[in-house]
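So in the numbering used here the end of the sequence shown lands on 308, straight run, no missing numbers.
It is worth saying that the hints were derived from the structure and are not from the lab.
Glycine residues also receive a C-beta, built at the ideal position from the N, C-alpha and C atoms.
There may be inaccurate statements among the hints.
[As the list claims (entries may be wrong)] In silico lysine to any residue, SDA-like type, Cα no more than 25 Å apart, as pairs:
{"no.": "1", "residue 1": "Lys207", "residue 2": "Pro169"}
{"no.": "2", "residue 1": "Lys60", "residue 2": "Ile100"}
{"no.": "3", "residue 1": "Lys211", "residue 2": "Thr171"}
{"no.": "4", "residue 1": "Lys211", "residue 2": "Tyr187"}
{"no.": "5", "residue 1": "Lys161", "residue 2": "Gln250"}
{"no.": "6", "residue 1": "Lys105", "residue 2": "Gly55"}
{"no.": "7", "residue 1": "Lys161", "residue 2": "Gln197"}
{"no.": "8", "residue 1": "Lys247", "residue 2": "Ile180"}
{"no.": "9", "residue 1": "Lys256", "residue 2": "Asp209"}
{"no.": "10", "residue 1": "Lys211", "residue 2": "Ser201"}
[What the hints assert, rightly or not] What follows is a set of in silico ranges between Cβ atoms, one per label pair, in the way DEER data are often shown:
{"no.": "11", "residue 1": "Gln251", "residue 2": "Trp64", "range": "23 to 31 Å"}
{"no.": "12", "residue 1": "Gln62", "residue 2": "Ser102", "range": "20 to 28 Å"}
{"no.": "13", "residue 1": "Gly55", "residue 2": "Thr177", "range": "29 to 37 Å"}
{"no.": "14", "residue 1": "Glu99", "residue 2": "Asp209", "range": "35 to 43 Å"}
{"no.": "15", "residue 1": "Glu192", "residue 2": "Asn63", "range": "34 to 42 Å"}
{"no.": "16", "residue 1": "Glu66", "residue 2": "Gln262", "range": "19 to 27 Å"}
{"no.": "17", "residue 1": "Asn113", "residue 2": "Glu87", "range": "19 to 27 Å"}
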Amino acid sequence: MNLKFFFALFTIMLLILVNGVTNLKNKITIKPANATTKVDRAPIGRIIEADGKVFLKRQNWSEYHPVFVGTELYTTDKIKLTSEGNLMAICYANWEIWSLQKNSISQTINGCLQAKSQCVETSDGCVPLDATRGINQVESDKIPYIISPRHTLLLPDKPLILPWNPVTNATRYTVIIKSLSGKYIWETEVSENQVLYSGEIPLKTDIKYTVIIHTDTQVSSIDQKSPFPQQENDLGREFAVVSKSEQQEILAKVEELTQKLDGEARVLSIAEFYQQNDLNVEAIAILESLYRGRKSYFSHLSNVG
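Sequences and hints are given; from them, build the entire structure.
Quick look at the structure:
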């Protein structure tokens, strides 16, 4: 089947499926971290992987801010990627993966429309990218900003992995989970920039939680600058757990989509269902599995013949 025809057919099919999905009436409503920023148009993509030094600037922002997995992208957004950063986004128009070139600045609409418009921001403006230019040292390596979970609902009984940005010269990290009301739930100390929550204290439904990271270099994730009002969304770091009954409803719908669809249609429909119900961690995980599958497939093809 012609690839373009497949994508057109699938897009129509996906819209029909999504329109038929009844959103779960969650007791907890979590606004996306970018809900406080007014954007004229609908999002055109979502970040599914962001490692290292990756920054976002919206049309009405005066400066760049660190991005996190799950952030939705709009046509006027600019993304700055340094030589130490990696970013992948999925484009809603064709469900293709967009990987940004290192040491560059690109507008989201250019990446998702496959336009070749990349530049480096200098005192003279945005200059076309070439091998002689680079981006000045930025400060993302000074703050352990949380990568995941952020502004998401979680399914109970699933491992909760907490990754964050590594900090230069830091050798120890203190990790804290607390409720937004201020009650401390769990604390541990590690040397890596990732830890698995022990689960010794089960997280409750109807409560929003947040993760805080302190380093032995005397900096913290709460030092992170952000254009999002902390009093409204705690810098987008909050998460919550759905109830057992809600989980059963979610799994039933996922099983229904699994039985009806195959291949990429199945993956993308389930990801869209997760996203519609604020299960952003689950949506990102299944999209990443799709990307890894594609990458493995094309790697296999390149080795044949």
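Right, here's what the structure says about each hint:
1. Lys207 to Pro169: Distance of about 29 Å is beyond 25 Å: violated.
2. Lys60 to Ile100: holds (21 Å)
3. Lys211 to Thr171: Measuring from Cα to Cα gives roughly 30 Å; hence the hint is violated.
4. Lys211 to Tyr187: Judged against 25 Å, a Cα distance of about 12 Å means the pair holds.
5. Lys161 to Gln250: Roughly 11 Å separates the two Cα atoms, so the pair holds.
6. Lys105 to Gly55: Holds. Lys105 to Gly55 sits at ~11 Å (cutoff 25 Å).
7. Lys161 to Gln197: holds (16 Å)
8. Lys247 to Ile180: Answer holds: Lys247 to Ile180 is near 21 Å, not above 25 Å.
9. Lys256 to Asp209: holds (22 Å)
10. Lys211 to Ser201: Holds, because 18 Å separates the two Cα atoms, which is no more than 25 Å.
11. Gln251 to Trp64: 23 to 31 Å: violated (41 Å)
12. Gln62 to Ser102: 20 to 28 Å: Holds, at about 23 Å.
13. Gly55 to Thr177: 29 to 37 Å: violated (22 Å)
14. Glu99 to Asp209: 35 to 43 Å: Roughly 38 Å apart at Cβ, these two residues keep to the hinted range, so it holds.
15. Glu192 to Asn63: 34 to 42 Å: Holds: the Cβ-Cβ distance is about 39 Å, inside 34 to 42 Å.
16. Glu66 to Gln262: 19 to 27 Å: violated (48 Å)
17. Asn113 to Glu87: 19 to 27 Å: This hint holds: roughly 22 Å between Cβ atoms.
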